[in-house]
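Novice: Chain by chain, the residues run as shown.
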Amino acid sequence: MAERPITGFANIEQTVLGADEIILNMGPQHPSTHGVLRVKLRLDGERILDSECIIGYLHRGVEKIAEHRSYQQFAPYVDRMDYVAAISNGLGYCEAVEKLLGVEAPPRAKVVRTILTELQRIASHLLWLGTHALDIGALTPVFYCFREREEILKIVEKYCGARLTTHAFRIGGLQYDTYDGFEQEVKRFLEDFTAKIDEYEQLLTENRIWVARTKGIGVLTVQEAIDLGATGPVLRGSGMKWDIRKAFPYAAYDKYEFEIPTGQNGDTYDRYLVRIQELRQSRHICLQAIEDIPSGPILGKVGKVLKPPPGEVYHSIEAPKGELGYYIVSDGTVQPYRVRIRPPSFINLEALSKMVRGHLVADVVAIIGTLDIVLGEVDR
Amino acid sequence: MSALIEFFTPHLWPIVFSVIIVAVLPLLAGYVVLLERKVMADMQARLGPMRVGPHGLLQPIADAVKLLIKEDIIPENADQAVFWMAPVISVTAALLAFSALAIGPVFQIADLNIGLLFIVAVSSMGIFGIILGGWSSNSHYSLLGALRSTAQMISYETAAGLALVGGVLLAGSLSTREIVQAQYDAGVWFVFAAPLGFFLYLVASIAETNRAPFDLPEAESELVAGYMTEYSGFRWAIYFLAEYANMIVVASIASTLFLGGWARPFARTPIFNFLDFAPPLIFLVVAGYCFYRAPKQPERIQAMVMALFGGLCLLLAAAMALPFVFPASKAGIHGAFWFLAKVFLYVYSFMWIRFTFPRFRFDQLMKLGWYFMIPLSIVNVLALGVALVLKDTGWHPAAALLLTNAATLLVAVWLVANAQKKAAISGPVTSRAEG
Amino acid sequence: MTPDQINQIAFYFFGSLAVLGAILTVTAKNIVHSAIYLITSLLATAGIFLTLQAQFLFGVQIVLYVGGIMVLFVFVIMLVNLDVSLRQIRFNRQKWVAGLLTLVLASQLGFALWFGKEAFNLAPGRTGELSAQNVQQFGRGLFERYVLPFEIASVLLLVALIGAVVMTKKRV
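Protein chains in written order, with the numbering used here: chain A, 489 to 868; chain B, 90 to 524; chain C, 18 to 189.
Simulated from the structure, these hints should not be mistaken for laboratory data.
Keep in mind that the hints are not guaranteed to be accurate.
To be verified - Computed list of lysine-lysine pairs in DSSO-like fashion (alpha-carbon distance at most 27 Å, straight line): (1) B/510 / A/703; (2) A/646 / A/675; (3) B/456 / A/703; (4) B/511 / A/842; (5) A/684 / B/127; (6) B/511 / C/186.
As the list claims (entries may be wrong) - If you anchor each label on the Cβ, the simulated ranges turn out as follows: (7) C/21 / B/507: 54 to 60 Å; (8) C/29 / B/488: 53 to 59 Å; (9) A/822 / B/452: 56 to 62 Å; (10) C/169 / B/484: 29 to 35 Å; (11) C/160 / B/325: 43 to 49 Å; (12) B/459 / A/735: 20 to 26 Å.
For every residue, glycine included, the Cβ atom is placed at its ideal position computed from N, Cα and C.
Looking at chain A on its own, in the form it has when it is part of the complex (with noise of 0.2 Å):
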C-alpha cells in the first residue's frame, strides 16, 4: 500500500496489517459517506489517530455561474446545493435578494414560506434519521422515514410541480398560491405525525445498541464546536442555545413560539435527540402556522428586470444543516458581481478531524452520519 506522502501526514510507516500506522482510504464510492466524500484515515491498528477530507468531487462552479446570471435566473441553482432540503436555499437566496432589493415579501407569503420551510426540515432530519440509521446497522427506520417523507414530497410537488429541486419561491414573494386542500392535508400529516415521531423513538432512542453505538462517540465540546465554527444541530448538540430563528428572525418565524432542543455532551447520541426534537417543534410550527394563514398578496412590488442598487448583503438563515448564509455584493447590473454562499455542511465537515481521533473504525460511519452533510452542499 505505498502512496506518495500527503501532506500533514509526514512520517508514515505502511507496513503489513496489524503492524504499525496504515492509511486507510474510504471512498469517494462509499456505501456510507452520503455523496462522493473520500476521507483518509490514519490508523494505528484499530485506532484513528487522524482524519484528512478530500472534497470536490461534486464542486460545479456554482458561484462562478452566479455572476453570469440574472438574479432570477440563480434562483433554481441554489437548490442544487442541499439538494435534500431545496426549499431552505431558495429561502435564504430570496430573503438575500430582497434585502439586496429593500423590498419586503407580503405577509400570506412570509406565512406559507414559513410552512414550506418547516416541512421542508421535516423532511430533511427524516432523510438524515432514516440514512444514519441504516448506516449503524438498523435496517426499518429508513423506510418508515421515507414513507413519511414522501408526504411532505406529495404536498410539495402538489404546491409547485418538483418534489426535489422545488424552486418554490421567488424574488419578493410566492409565484403560485397554495393549492385548495393545501391546509387540511399539511394538517392532516402533521396529526399523524407525532405517532410517527413515537415510533422512530421506540426503535432507538432506549435501545441499547443504538446507545452503545452513539453516546460518547464522536464528542465536540462547546468551545471546539464555536471554534470550528460549527452551526445548526451540531452546536446544539453540544449544549449552545443558538437558532438563527430566534436570534435573527427572518420569514414569519418571530409570530410563533418555539423552543431550541440543545445537547448535553455534544457527542453522537444528543445530536440525534436534538434533531428528534426538532422535529417536534418543526411540527409545532407549521400547526401553528397553518392555524392561521393570512389573506392577500403574494408577490411583493418587484419589477421584472432586477437591478439593485450597488452594495452588499450577508443574510442567513436557519436550514436544516445549520447556518446557511448568502453574502451577495452588487454592482448596480442586472448580475450580482459575488455570491459567496456559506455552507453549513461544508464547516460543520471540518469538525470530523476532530471527531473522529481516538474513535474506532466502525465509528467513522456514525460520526459522518451525526454531521449531516450533504456533497452538493460541500461542494458547490
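With chain A fixed as given, assemble chains B and C onto it according to the hints.
Specialist: Chains B and C in isolation, oriented as in the chain A frame:
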C-alpha cells in the same frame, strides 16, 4: 450380491433420509431466503418480491438459476485449491449436522449416542470454511473480515456450548431422541426449566450464524466487506446455502433441547387434544386462501402457479390428516410438523431481531461475549447442577429450579450493571490520541 | 461384511490418512496448506477413536483440536507475515546423508523390535465393545475414579490461561 443387500438393508432408511435432506435442503434454504425477504418487507411497510411468480413464490428458483449461470471469477493470485474448497467445507459441515438431528421420531438419519456433541463438533468445523475462504481470496479486507468473523464465532461457540450443557444436564443424555423423551417424561419443555439457558443459546446462536445484530464482519456499510467478497455466482450461493442451513441447524438444536422437540404443546394433557387437529387445519386454510386468490391474479400463469401451490398445500393437509386414518403414523407425521413449526418460530425470531436492532461494533460484540455471556453461562451450568442436587435430596424440582434460576438472573443483572458502571467511568473510548 | 471387517477397513483408511496427512504437513511448501493437512491428520485420528468405540473422544477431539487449536494456529499463520519462511530452502544438500542415517537408525530399531518381541509383555487385545453409554462411563470415570488428576489438569490449564493473558497484556 445377497451379501451386499444384507449389508445395506439396515442402512436403507438412513440413506433415503440423507438423500431427502441433501435434495430438499437447498430448496428449503432458498425458500427461507424468500421468507426472510418477505418478513423484512412486512416489517418495513412494503411488499417484498412480488414479480417472480405470484407473491414472489418463484423468486428462489430464479435466483438459483441466475447464480448458476453466472461467470465463475477467481481472483488473480488466489490459491485455487483452497478457494474452491472453502465453501465446500462450510456447506459440508452444515449438511453433516443434519445427520444427527431428529426431525420427528421417525425422520432421523442416525440416533447417535453423542448426538448433540457431534452437531457441535461439526459446526465448529464449519468455521474453517470462513477463515480459508477469506484467506484464499488474496485480499486484505476479505482476510480481516474472515478473521473477525472467526474470532466472533469461536468466542460465542463457548457460550453456546455451555448453554447447551445446561440443557443436557436436565436431559441426562446427549442423544437427541433421549433429550426429547426426557422433556416428554418431565412434562415440561426445558425452556421453562432453564429459561436463561435458552436465552443464552438464542443470543449465542445469532452470533454463531453471523446474523444481525452481530453481523459487523458482513455488513456492507463497513470498511471491511467480509470474507465472501471475492466469491460470486455459484460459489457464493454455496456460502449462502451454508449460512441458512446453519440457521436451520441451530434452530433445530434449540427446538430439540429447549422447545420440546417433536412433542405437541401440552402433549400429556388430554384437554388439549384438539391441538391434534391443528396441522391439517392450518394447511387446509392456506390451501383455501391460495385457491381463493388464484383467480384474482393478473396473469394466467400466476393464477396457475398459485393454484399449484394451493394443490401442494392440500396434499400436505391430506398427509397431516393421514394419522387419523392410520394411528400408527401419528408420531412420525405430526411430530415432524410440530418440530418444523418450532424451527420456523425460532428462525422467524432471528429475522425479527435482525430487522429491529442496529449492529454491534466489533469490540462491543467481543466484550459482550467474554464479559457477559461466558460468565453467565458458567453460572447457569453451576446453578442447574445445584438444582439437580437439590432435587435428589428431596426438594420439589420446580422449587429447586425456580430458586437456582432466580439466582442466575441476579448474577446476570449484576453483570449488566457492572458493565454499565465500567462504561460510565471510563467512557466508551478508552484512549484519545492527542493531536 | 462383518463388523470386524468394517472395523479393519476403517482403521486402515483412517490410519493411512493420518500418516499421509502428517507427511504432507511437514513437506508442504505453503504454510496454510500445511495447516490444512494437519487438520486432515487430526480428523483421521478422531476417526480412529471412532473405530475404537470411543465416541466421546471422537467428538471432543474435533471440538477441541480441530475446532479450537487448529483455528488458533491458522489465526496466527494468517496474522503474521510469512513471506520469509516461504522462501527458505526446504531441503538442503545434506539430505542424502540424512536419509541414509535415518534408514540405518530405522533398521536398527526394527531389528531390535522384531527379534526382541518376547521381551514385551503385551496383554492380549481387548475384545468386546465399550458400552453404548460411552459418555456416562467417561463421566463416571473422570469424576469418580480419576477426579484428582482431572482437577489438577484443570488447574494447570487455568494457570496457563492466566499466564498467557498476563504475558500479552499491554503495559498501560
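Novice: To test your reading of the hints: which numbers does this structure violate?
Specialist: When the structure is compared with the hints, only number 12 turns out to be violated.
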